[in-house]
Amino acid sequence: MPGREDALVVDGVSVGYGRHPILHDVSLTARAGEVTGLIGPNGSGKTTMVRVASRSLRPAQGSVRIGGVDPYSIPARSSARLIGVVPQEVAPAFSYSVLEMVLMGRSPYLGRFGTAKPEDWAKVRWAMAAANVQHLADRPIEELSGGEHQRVILAQALAQDAPVLLLDEPTTHLDIRHVFEFLGVVRRLARRDGKTVLAVFHDLNIAAATCDRIVALSAGRVVANGPPGEVLTRDLVWEVFGVEADVAPAESTGRPFVSVAPPPDAGGPEGTGARAHVIGGAGRGAAAMRALAERGFEVTAGVLHSGDTDDMVAERLGLPRVTVPPFSPIDARSAADCRELLRSAALLVVADAPFGPGNLENLRLAQEFAAAGTRTLVLEQVPIEERDFTGGEATTLWRALRRRAHVCSSAGELARALDAATQRS
Amino acid sequence: MLAPGHRRLVLPLLSALLAGSVLAGVAIGAVPISPWDSLRLFAWRLHLTGRPGGVSVATTVILFQLRLPRVLLAAVVGAGLATAGTVFQALFRNAMADPAIIGVSSGAALGAIVVILTGAGAAAGGLGVSAAAFITALATAILVYRLARLGPAIQVATLLLAGVAVAAIISALMSLVMTFSGQEIRSIYFWLLGGLGNASWRSLESSAPFVLAGAAFAVWSAADLNLTALGEERAGQLGLEVERFKRRMLAVGTLMTAAAVSASGVIGFVGLMTPHILRLAVGADHRKLLPASILGGASLMVLADLAARSVLPPVEIPVGVVTALLGGPFFLYLLRRERRSAGARA
Numbered sequence: 001m002p003g004r005e006d007a008l009v010v011d012g013v014s015v016g017y018g019r020h021p022i023l024h025d026v027s028l029t030a031r032a033g034e035v036t037g038l039i040g041p042n043g044s045g046k047t048t049m050v051r052v053a054s055r056s057l058r059p060a061q062g063s064v065r066i067g068g069v070d071p072y073s074i075p076a077r078s079s080a081r082l083i084g085v086v087p088q089e090v091a092p093a094f095s096y097s098v099l100e101m102v103l104m105g106r107s108p109y110l111g112r113f114g115t116a117k118p119e120d121w122a123k124v125r126w127a128m129a130a131a132n133v134q135h136l137a138d139r140p141i142e143e144l145s146g147g148e149h150q151r152v153i154l155a156q157a158l159a160q161d162a163p164v165l166l167l168d169e170p171t172t173h174l175d176i177r178h179v180f181e182f183l184g185v186v187r188r189l190a191r192r193d194g195k196t197v198l199a200v201f202h203d204l205n206i207a208a209a210t211c212d213r214i215v216a217l218s219a220g221r222v223v224a225n226g227p228p229g230e231v232l233t234r235d236l237v238w239e240v241f242g243v244e245a246d247v248a249p250a251e252s253t254g255r256p257f258v259s260v261a262p263p264p265d266a267g268g269p270e271g272t273g274a275r276a277h278v279i280g281g282a283g284r285g286a287a288a289m290r291a292l293a294e295r296g297f298e299v300t301a302g303v304l305h306s307g308d309t310d311d312m313v314a315e316r317l318g319l320p321r322v323t324v325p326p327f328s329p330i331d332a333r334s335a336a337d338c339r340e341l342l343r344s345a346a347l348l349v350v351a352d353a354p355f356g357p358g359n360l361e362n363l364r365l366a367q368e369f370a371a372a373g374t375r376t377l378v379l380e381q382v383p384i385e386e387r388d389f390t391g392g393e394a395t396t397l398w399r400a401l402r403r404r405a406h407v408c409s410s411a412g413e414l415a416r417a418l419d420a421a422t423q424r425s
Numbered sequence: 001m002l003a004p005g006h007r008r009l010v011l012p013l014l015s016a017l018l019a020g021s022v023l024a025g026v027a028i029g030a031v032p033i034s035p036w037d038s039l040r041l042f043a044w045r046l047h048l049t050g051r052p053g054g055v056s057v058a059t060t061v062i063l064f065q066l067r068l069p070r071v072l073l074a075a076v077v078g079a080g081l082a083t084a085g086t087v088f089q090a091l092f093r094n095a096m097a098d099p100a101i102i103g104v105s106s107g108a109a110l111g112a113i114v115v116i117l118t119g120a121g122a123a124a125g126g127l128g129v130s131a132a133a134f135i136t137a138l139a140t141a142i143l144v145y146r147l148a149r150l151g152p153a154i155q156v157a158t159l160l161l162a163g164v165a166v167a168a169i170i171s172a173l174m175s176l177v178m179t180f181s182g183q184e185i186r187s188i189y190f191w192l193l194g195g196l197g198n199a200s201w202r203s204l205e206s207s208a209p210f211v212l213a214g215a216a217f218a219v220w221s222a223a224d225l226n227l228t229a230l231g232e233e234r235a236g237q238l239g240l241e242v243e244r245f246k247r248r249m250l251a252v253g254t255l256m257t258a259a260a261v262s263a264s265g266v267i268g269f270v271g272l273m274t275p276h277i278l279r280l281a282v283g284a285d286h287r288k289l290l291p292a293s294i295l296g297g298a299s300l301m302v303l304a305d306l307a308a309r310s311v312l313p314p315v316e317i318p319v320g321v322v323t324a325l326l327g328g329p330f331f332l333y334l335l336r337r338e339r340r341s342a343g344a345r346a
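In order, the protein sequence lines correspond to chains A and B.
Mapping of the first sequence onto my numbering: residues 1 to 425, in sequence order.
Mapping of the second sequence onto my numbering: residues 1 to 346, in sequence order.
Just so you know, these hints were derived from the structure itself, not from any lab.
Do not take every clue at face value.
Using 30 Å as the maximum straight-line C-alpha spacing, the simulated DSSO-like pairs for lysine-lysine come out as follows [to be verified]:
| hint | chain 1 | residue 1 | chain 2 | residue 2 |
| --- | --- | --- | --- | --- |
| 1 | B | Lys246 | B | Lys288 |
| 2 | B | Lys288 | A | Lys117 |
| 3 | A | Lys117 | B | Lys246 |
Label-pair restraints from in silico Cβ distances [stated by the list, open to error]:
| hint | chain 1 | residue 1 | chain 2 | residue 2 | range |
| --- | --- | --- | --- | --- | --- |
| 4 | A | Gly318 | B | Leu117 | 49 to 55 Å |
| 5 | A | Glu340 | B | Ala131 | 54 to 60 Å |
| 6 | B | Leu117 | A | Glu119 | 57 to 63 Å |
| 7 | B | Val311 | A | Glu119 | 53 to 59 Å |
| 8 | A | Pro325 | B | Val311 | 28 to 34 Å |
| 9 | A | Glu340 | B | Phe180 | 28 to 34 Å |
| 10 | A | Arg316 | B | Arg45 | 51 to 57 Å |
| 11 | A | Phe113 | B | Ser15 | 17 to 23 Å |
| 12 | B | Glu243 | A | Arg221 | 44 to 50 Å |
| 13 | A | Asp25 | B | Glu243 | 27 to 33 Å |
| 14 | B | Pro329 | A | Phe113 | 33 to 39 Å |
| 15 | B | Ala165 | A | Val69 | 45 to 51 Å |
| 16 | A | Ala137 | B | Ile28 | 43 to 49 Å |
This structure is a prediction, so every number in the text was calculated from the model and none was measured.
Beta carbons: idealized from backbone N, C-alpha and C, even for Gly.
Make a model of the complete structure from these sequences and hints.
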């Protein structure tokens, strides 16, 4: 039965990656039986908050309590029975079947060798039905679309049967019908099963329609906390997002509905069939390649090292790309080939790959084309200082590139930037 | 990939393949022994029947003192390397990992050689050799892992590069140590290319327990290996104590490698090919993949050794040459496949 002991309490949490502080003295409570939404602009600390609450990132200060228990003080296995998480991206190294993936959600309950009991199978079946993936059971995970993949991860988390569910932009890759179904499932989990749900939403209207309470983060601090009607105001949207919006109660639900006029300088040539080029490496470009391909872009990639994770993803997606053999630095010929691809690209996406002497040329190419006016999106989940293996040269190039690009701090944000680009065309 | 309905046939088929390989392995040689005679002699030795008639004493000695220990050692070495390869591939989240490619095998060989040449092994026996091999192999594994880890992920190129470089340095050190201690080129060959020519019941006794224990532990941990392949953070969210598990499995994979290398030198590519091929047959789930890799690796090694000693009789090719001739092109094919569809190159 629902009870207060299931609630998630975050008290005075501060945390950062390296020297970059992300959250400052954040306190919030998610109650059992309710859906609590987390909103805020890019880089405001939403994903970091989810990682802190999911026992993945220990806070430097402050505490997390699940029904009074500090998840960092108990074994991972016990914690996984208390908290289920749907992160933005899960990338299996091998192609498991959907059924195998969902069964892994039962790990905290299974004995050695992972032998499932009838009760485990019942939970797996229920989770697959709730996430609407039961028809995919035998399909290899790498063949699924982004939306199907996301629903499989939801099923995996639901199979954990935990009283607390953390969702990080769970509807990014879903079409509108699946968003609707998904949010129905989440609300039922809270209302009927008494689960505590904390979910990051980017779409303010989905947040308003789904959540019982909304917490707004800005620059790592809580700036508003309360029912949607109190939090989602014209003033808050302006203060937090810097956007002029109309906020009025929706006719059907009475909840706030936020409408935003596109800023006047928006616009671009991209759209379905447009050419887009991804510069990645070490698996960091995978999300961008998938997101672009799904939106109908003609995607190219490079320069990549053969056999690199991104190279394998590009292979699976059937993308043309420029590669150099493993261990080799980017030579003049590959750079020229890549420049050829970049010249006809309307959109350039640069992922936060590690940069060393072997692939620094990629950053020079990106910088060259961004400077020449190619519309450029930068995905930056990991600060450049942590992936600069050139002794500072990459950092200088990255910072210059960043100034000429639209910076996205998560895969979800990137997806939305692409959606915006596609819709405008 | 096989349909799920057919996957259940794979383990019985692999078991039959292993049994057939062992029978072929003991049958073929300078003195052929018919499988029927072998089976009758096994039955007699296991006290199931009386001594079979019409079988010479020489045949009995060849079977039990020469062929059988060698074939069983090949099976143990193959199972150990294939299991270690499967474990390393899951830990490094990378299907290109193999004990020899990432340098762990060379590390083990260096430790074994130093102990053998300094005579320290004489005091401790076969166990001393295995223990030294384990220690240097573990040091190599940790070194390569550290070198390959850039930021949040292990990069394929860095992993292979670090492994190849470290293995080359260690092989050079091995050759140097052996040259200075007046070893024959033959014995250097043995360690660098691998061979089962020194097989005996004794070498089997000092390697089989470690390989069997390691393989059993790996199978026991199969479900958790599945989790590590999802990424460290996700594995933690699903209830795995990631750091502890990683250290433990790195030690288990290294232990199996060290036991195999102590008995047979550095044999490459078995740990790469076996899980790769079997993933196509049984899927990626380690609960099925590990048992299949154990049986498949054992069969592959028995057949490779059979080829090594019977292709050009009476010359015996180092078995590592056979696995490299099979596995090297396979490895290049894997790399090439990633590269081929780079249409921009055309």
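Please flag the earlier hints that this structure goes against, numbers listed from lowest up. 9 and 12
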